[in-house]
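Q: Which chain is which? The protein sequence lines are W and H, in order. Under the working numbering, the letters of the first sequence match residues 94 to 207, in that order. Under the working numbering, the letters of the second sequence match residues 51 to 163, in that order.
Be a bit skeptical, because a hint or two may be false.
Derived pair list, reagent style EDC-like, types lysine to aspartate or glutamate, alpha-carbon separation capped at 20 Å [said to hold, decoys possible]:
#, chain 1, residue 1, chain 2, residue 2
1, W, LYS133, H, GLU55
2, W, LYS176, W, GLU194
3, H, LYS106, H, ASP116
4, H, LYS120, H, ASP133
5, W, LYS137, H, GLU155
6, W, LYS155, W, ASP179
7, W, LYS111, W, GLU178
8, W, LYS133, H, ASP133
9, W, LYS137, W, ASP200
10, H, LYS120, H, GLU67
11, H, LYS106, H, ASP133
12, W, LYS137, H, GLU55
13, W, LYS113, W, GLU156
14, W, LYS133, H, GLU155
15, W, LYS133, H, ASP57
16, H, LYS120, H, GLU65
17, H, LYS120, H, GLU105
18, W, LYS137, W, GLU178
19, W, LYS133, W, ASP179
20, W, LYS161, W, GLU145
21, W, LYS161, W, GLU150
22, H, LYS106, W, GLU194
23, W, LYS137, W, GLU95
24, H, LYS76, W, GLU135
Residues of chain H placed beyond 12 Å of chain W at every Cβ, according to the derived structure [what the hints assert, rightly or not]:
#, residue
25, LEU61
26, ASP116
27, SER118
These are computed hints drawn from the structure, not numbers from a lab. We put the beta carbon where it would ideally sit given N, CA and C, even for glycine.
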Amino acid sequence: GEEVAQTPKHLVRGEGQKAKLYCAPIKGHSYVFWYQQVLKNEFKFLISFQNENVFDETGMPKERFSAKCLPNSPCSLEIQATKLEDSAVYFCASSQVDLREPQHFGDGTRLSIL
Amino acid sequence: SQQGEEDPQALSIQEGENATMNCSYKTSINNLQWYRQNSGRGLVHLILIRSNEREKHSGRLRVTLDTSKKSSSLLITASRAADTASYFCATGNEETSGSRLTFGEGTQLTVNP
Numbered sequence: 094g095e096e097v098a099q100t101p102k103h104l105v106r107g108e109g110q111k112a113k114l115y116c117a118p119i120k121g122h123s124y125v126f127w128y129q130q131v132l133k134n135e136f137k138f139l140i141s142f143q144n145e146n147v148f149d150e151t152g153m154p155k156e157r158f159s160a161k162c163l164p165n166s167p168c169s170l171e172i173q174a175t176k177l178e179d180s181a182v183y184f185c186a187s188s189q190v191d192l193r194e195p196q197h198f199g200d201g202t203r204l205s206i207l
Numbered sequence: 051s052q053q054g055e056e057d058p059q060a061l062s063i064q065e066g067e068n069a070t071m072n073c074s075y076k077t078s079i080n081n082l083q084w085y086r087q088n089s090g091r092g093l094v095h096l097i098l099i100r101s102n103e104r105e106k107h108s109g110r111l112r113v114t115l116d117t118s119k120k121s122s123s124l125l126i127t128a129s130r131a132a133d134t135a136s137y138f139c140a141t142g143n144e145e146t147s148g149s150r151l152t153f154g155e156g157t158q159l160t161v162n163p
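So that you can see chain H by itself, here it is in the shape it has in the complex (with noise of 0.2 Å):
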């Protein structure tokens, strides 16, 4: 069963807005990872944030990590239509050291020019 539950299922913004995606998991983590989807392709890594670690940046995008509410953020600063994707945040979880990902249903962003 998927531990990982994200909201929204869908966001349509507007080109230059910002866009935040959230996700929230049950058990220990190593690390939290997000990546992107494009449509027919696989998952391109994006950012990934350790669990001793609360805020990580790369270029337009912000993750932030609260372990004591077991929840992430992904926000996308002045987005772009190249953007629209989508995004799912994935667990290692302590327990198998790591070793799978274990990954939320994901958020379908659409941006519009």
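Okay, chain W solo, but in the shape it has when bound (with noise of 0.2 Å):
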């Protein structure tokens, strides 16, 4: 697609529950990006993959966060045993070939943990 989708748009969990967010980047876009926005401002770096490889991983909390880009399948990102700061809208970005490019965001997901 032309534009880059994600699903769901709201997401709501308890406590301790897993939360499993999706995107669909760009076709032909070889760079896919996570970002955690909190609070309407800061946005936070989690994950970049080129192609299905993780590209830069150093900014996810690894204990409970993980993210996948698997061939014929929307990328993934599942956080395990949510907390009530994982509240925050998770955005998805796809680039072109050279990273220096602009990159593409979708509109998020809110994830809301009660």
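Using the hints, put the two chains back together into the complex; each one sits in its own frame.
A: Here is the structure:
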């Protein structure tokens, strides 16, 4: 597709439950990025993929967060044993082959942990 | 931690006026990008300026980059009510080959009709 598609738009989970978010990047884009936005301003980089391979995972809280980009499937970000502080909007972005090109963002998934 | 700082945090102007937002950063960069975020939506890419460029235009947008001062500005001319949004600068870092973007905290722009 021509847009980055993220599902679901809104996800509500009780503390301790699992949350799984999905992202379909723009067709032909090689790189996928996940960012976390808390409180409408600060964006925190989580992880990036080059095709199905992890490219940069230095932003990931590894204990509970995991992500995958498998061939012919949407990319996913999974949070185990969610905590209240995981409440945020999670954005996926994709870019073409050159890393210095603009990143195209989806509309995000709002995760609410109760 | 955020390396980008933007000022002002909030800006309110009248339609037709110009809006200027500033961004500072701390590390060496490959490029600097400006994005717009409307409420409840994702980021929309506005303009990218590379580290060897000093100024770039796109329609009503003008971006400058001063690598010696590690700062950039975004000018929106003849603003419209539809320009109301949050504006973020983001840098691609040389050390990470520009893979991750590091965002500033954003400027909330309100254009009053």
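Q: If a hint holds in the structure, say so; if it doesn't, say that too.
A: Right, here's what the structure says about each hint:
The suggested pairing of LYS133/W with GLU55/H holds, with an alpha-carbon distance near 15 Å, which does not exceed 20 Å. Distance restraint check for LYS176/W and GLU194/W: the Cα-Cα separation of roughly 34 Å exceeds the 20 Å cut-off, and the hinted pair is therefore not satisfied. With a C-alpha separation of about 12 Å, the suggested pairing of LYS106/H with ASP116/H holds against the 20 Å cut-off. For the given pair, LYS120/H sits about 26 Å from ASP133/H by alpha-carbon distance, which is inconsistent with the 20 Å threshold.
For the suggested pair LYS137/W and GLU155/H, the alpha carbons sit about 11 Å apart, so the restraint of at most 20 Å is met. Between LYS155/W and ASP179/W the CA atoms are separated by roughly 13 Å; this keeps the pair inside 20 Å, and the hint holds. Restraint check for LYS111/W and GLU178/W: the C-alpha separation of about 14 Å stays at or below 20 Å, so the hint holds. Between LYS133/W and ASP133/H the CA atoms are separated by roughly 18 Å; this keeps the pair inside 20 Å, and the hint holds.
Distance restraint check for LYS137/W and ASP200/W: the Cα-Cα separation of roughly 16 Å lies within the 20 Å cut-off, and the hinted pair is therefore satisfied. Distance restraint check for LYS120/H and GLU67/H: the Cα-Cα separation of roughly 27 Å exceeds the 20 Å cut-off, and the hinted pair is therefore not satisfied. For the hint pairing LYS106/H with ASP133/H, the CA-to-CA distance comes to about 19 Å; that is within 20 Å, so the pair holds. For the hint pairing LYS137/W with GLU55/H, the CA-to-CA distance comes to about 14 Å; that is within 20 Å, so the pair holds.
For the suggested pair LYS113/W and GLU156/W, the alpha carbons sit about 15 Å apart, so the restraint of at most 20 Å is met. A hinted pair counts as satisfied when its Cα atoms are at most 20 Å apart, and LYS133/W with GLU155/H qualifies at roughly 9 Å. With a C-alpha separation of about 16 Å, the suggested pairing of LYS133/W with ASP57/H holds against the 20 Å cut-off. For the proposed pair LYS120/H and GLU65/H, the alpha carbon gap of about 30 Å is over 20 Å, so the pair is violated.
The straight-line distance between the Cα atoms of LYS120/H and GLU105/H is roughly 14 Å, inside the 20 Å bound, and the hint therefore holds. A C-alpha spacing of about 13 Å is found between LYS137/W and GLU178/W, which places the hinted pair at or below 20 Å, so the restraint holds. The straight-line distance between the Cα atoms of LYS133/W and ASP179/W is roughly 14 Å, inside the 20 Å bound, and the hint therefore holds. Taking the CA atoms of LYS161/W and GLU145/W, the gap is about 7 Å. The hint holds against a cut of 20 Å.
At most 20 Å may separate the alpha-carbon atoms for a hinted pair to count; LYS161/W and GLU150/W meet this at roughly 11 Å. Pair hint LYS106/H plus GLU194/W holds up; C-alpha atoms about 15 Å apart against a cutoff of 20 Å. With a C-alpha separation of about 25 Å, the suggested pair LYS137/W and GLU95/W falls outside the 20 Å cut-off, and the hint is violated. Annotation: proposed proximity of LYS76/H to GLU135/W holds, straight-line Cα distance about 16 Å (limit 20 Å).
Taking the minimum C-beta to C-beta distance to chain W, about 15 Å, the non-interface status of LEU61/H holds against the 12 Å cut. No beta-carbon of chain W is positioned within 12 Å of the beta-carbon of ASP116/H; the least distance is around 19 Å. At roughly 21 Å, the least C-beta separation between SER118/H and chain W is larger than 12 Å, which holds for a residue marked as non-interface.
Violated hints, listed in ascending order, are 2, 4, 10, 16 and 23; each of the other numbered hints is respected by the structure.
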